[in-house]
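Enquirer: The chain contents come next:
2 protein chains.
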Amino acid sequence: MLTEFDIIAKYFQQGGLAADPALHRGVMLGIGDDCALLSVPRGKQIALSMDVLVEGVHFPAGAPADLVAQRALAVNLSDLAAMGAEPFCFMLGLTLPQAEEAWLDAFGRGLRASALKYKCPLVGGNLARGPLQIAIQVQGLVPAGTALLRSKARPGHDVYVSGEPGRAGLALEYIQGRCTGLTPEQEAELMSAYYQPEPRLQLGQALRGIAGAAQDVSDGLLLDLERMAVQSKVRISVDIASIPLAGVLTRLRTSTDVFRLALTAGDDYELIFTAAPSKKRAVLAAAKKAGIRVSCIGKVSKGEGVEVIDLSGRPLAFSRAGYEHFA
Amino acid sequence: MLTEFDIIAKYFQQGGLAADPALHRGVMLGIGDDCALLSVPRGKQIALSMDVLVEGVHFPAGAPADLVAQRALAVNLSDLAAMGAEPFCFMLGLTLPQAEEAWLDAFGRGLRASALKYKCPLVGGNLARGPLQIAIQVQGLVPAGTALLRSKARPGHDVYVSGEPGRAGLALEYIQGRCTGLTPEQEAELMSAYYQPEPRLQLGQALRGIAGAAQDVSDGLLLDLERMAVQSKVRISVDIASIPLAGVLTRLRTSTDVFRLALTAGDDYELIFTAAPSKKRAVLAAAKKAGIRVSCIGKVSKGEGVEVIDLSGRPLAFSRAGYEHFA
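Order-wise, the sequence lines are chains B and Y.
Numbered per the numbering used here, the first sequence spans residues 1 to 327.
Numbered per the numbering used here, the second sequence spans residues 1001 to 1327.
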C-alpha cells in the first residue's frame, strides 16, 4: 500500500507542480518540511485566500479528478484576481476515502496543468483519509497599497462585470440532467465554464489604480453585488438590459431562465468592479489588454442594497438569491 | 436560519479572534474581502503550514468543539515551532453538516482562546456545508535564513526530544475506552495532552542558531525520527534508557506499553532536534529559557534509518510504526 509520503512523492512533488528554485524565486523551501518558506519581494504585500471544495456540495460526486483539481485551484486564484494580485504559490489539504491511484494520477495531472499555466507552484499541505474534500490556500503578491477592495465602491461609480455570467449555472443543470439536447460544442463550452473557470488575473492586475471596488462572482451576480454594496455602504442599481448574455444561454433557455441564470447562478468566477465615469476609457483599455469583454451593467448611488431596473426604468422584483450554504 | 455571513460575523469576527490593527501590525486586511493582505517585516521570511483535521480520524466523533478548535490550531502552530518561527496569523476552512449554534459558539470560544494565547489572529477562510472537517493554514515569521530544517542533522550530532512523549497516545486509549481507573488528575492531564498540546514555540525560537535539524512529533517519535533521517541522509540511534517517561504512563501501564506509547504514539507535538555536542550547554539554556524539559535520547551517525539501542547496547527489534493514513 502507498503511504502518505509515497503518494506525495509520486503525485505531488513532480516537476511542474512543486516549486522550482529557478522559476519560483521567492519560494525558499517547498514541500517536505514542517513549513514552506517564502521571501516576499520588497514593496509587495502578500494576499491570502482559502477555499474548501466538498464532494457533492461544490462539485458533483464522481466528477473527473483532473477537472476537480483545476476547478479547486481556479476558484482560489479568482480571489487573487479580485484583489489585483498575481499568483505566488499554493497549499493543498486533500482528504480522500482511499488512495486510488487512477484518481490521484488524474488529480495530480489536472493540478500540474493549472500550476504551470498560472505559474503557481504547490509548496505544502497535507493528505489524510476522510470524505473527499479539497482545501486549497493560495498566496499572491500585490504592490503595497494597490490591492482592489470590496469596500471602495463610491456613489457615481459605474458597475462592470467581466465575461458573460450564467454559463456555469447552466452547466450545473446539464450535469444534473436538467438541461438536454446540447451540441458537442455547447457541452464542451458549458463543461469548461464549470470545471475550468478562467480566473481573471490579468484583468484584476490591469485594473489596479483604475477600479474602485472589485470582487469575484462565486455565489451569483446579485448576491455578490449585495455583498459589495454592504461593504462599501452604497446602493447598486443594475440595468437588466445591459447584462451580457452568453449565446449558449439564449439558445437553450427562455428569457426568464436566461436572466435567472445570469443574475443568480454562481460558479462563473467573473469579476465585478466599479470605476468612476472618468475612468471608462482606462477600464476598456484594461479589458482589451486582458483580452476579456467587460460590460457596464449599472450604477452606484447613496443608499443600500441592490436593485434591478427593467427596460422601462422600474425596479424589478428579482430575487437576489444566490448560493447560500446554511440558509 | 443563519447564513454563512451571519455565522462568520457572529462567531468568527469577534474581538480577540479577528485581527486588531493595533495589535497585529502586519495584518493590513483580515476577514471579509476576497483575500487577506499581509505586510511582511523586512528581514523576515514567512513560514506556511496547513493541516486538515477530520472528525473520526484526527479527533473522536462528538468531541467537545472548543477542544477540537484548540487542537486544530495547536497542531498547525507546532509546525511553526519546528521551524523556529513565531505565529503571524491563520486561515480556517470549516465544513460542518449543520449550523448548530451551541457547537459554533463553543468552537469559536476555543479558537479565540488559542488565538489570544498565541497572538495569532484569524484573517480569513471559508465555511461550507459538508462532513465535519477543520482545515487550518498558518503563517509564521522567522528571520531570513534562520529557519530550522529537517535536513540539517549531521553525523556526530546529539538527538533531543522535548517533554515526555506518549501521553497523548494514552489519552486516545482512554477516550476510546481502552484505559480505565484514572484519578481525576490523571484524566485532566491526559485530556489536556491530547486536546491542548502545547506547541513548543518558545523552544523552537530559542533553538535558532543552535539546533541542526528540527521537526515536530505528530505521528510517533520513531516514525518522525525516520523522516528526519531520510531528509538529512543520516542514521539516528535512539538509546531506550534515555527516553523520558511521563509519570502518568508509568503508573498506568506496563513497561512494554510505556515504551510502545513513548516511541510510536503520535499526537504529542513535542519537538525532536539535533545539535552538535559543543552546543549542549546552549541547548540546555534554550530549554530553560523556554521552560521545558529536553532530553538527549540518541546520536546521529553516517548511514540511514533509525535504530533503538537497549540497555546492553544491542539494537532492539522495535517497530517504528507510527500513524500512517494510507498504509
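Derived from the structure by calculation, the hints contain no laboratory data.
Source: prediction; values computed, not measured.
Glycine included, every Cβ here is placed at the ideal spot set by N, Cα and C.
It is possible that part of the hints are untrue.
Claimed, not checked - These stretches of chain Y come out as covered by chain B in the derived footprint (C-beta under 8 angstroms, 3 or more residues):
#1 1031-1044
#2 1119-1127
#3 1142-1149
#4 1161-1171
Claimed, not checked - The list that follows gives simulated cross-link-like pairs (lysine-lysine, BS3-like), each with its CA atoms no further than 25 angstroms apart:
#5 Y:LYS1044 - B:LYS10
#6 B:LYS233 - Y:LYS1044
#7 B:LYS44 - Y:LYS1044
#8 B:LYS288 - B:LYS302
#9 Y:LYS1010 - B:LYS119
What the hints assert, rightly or not - Facing chain Y, from chain B, some residues (calculated, C-beta under 7 angstroms):
#10 SER49
#11 VAL54
#12 ALA82
#13 LEU104
#14 ASP105
#15 GLY125
#16 THR146
#17 ARG150
#18 SER301
Enquirer: If a hint holds in the structure, say so; if it does not, say that too.
Expert: For each hint, the structure was consulted:
| no. | hint | in the structure |
| --- | --- | --- |
| 1 | 1031-1044 | holds (count 10) |
| 2 | 1119-1127 | holds (count 5) |
| 3 | 1142-1149 | holds (count 4) |
| 4 | 1161-1171 | violated (count 0) |
| 5 | Y:LYS1044 - B:LYS10 | violated (32 angstroms) |
| 6 | B:LYS233 - Y:LYS1044 | violated (37 angstroms) |
| 7 | B:LYS44 - Y:LYS1044 | holds (13 angstroms) |
| 8 | B:LYS288 - B:LYS302 | violated (30 angstroms) |
| 9 | Y:LYS1010 - B:LYS119 | violated (37 angstroms) |
| 10 | SER49 | holds (5 angstroms) |
| 11 | VAL54 | holds (3 angstroms) |
| 12 | ALA82 | holds (4 angstroms) |
| 13 | LEU104 | violated (10 angstroms) |
| 14 | ASP105 | violated (15 angstroms) |
| 15 | GLY125 | holds (5 angstroms) |
| 16 | THR146 | violated (10 angstroms) |
| 17 | ARG150 | holds (5 angstroms) |
| 18 | SER301 | violated (22 angstroms) |
Checked against the numbered hints above, the structure breaks hints 4, 5, 6, 8, 9, 13, 14, 16, 18 and satisfies the rest.
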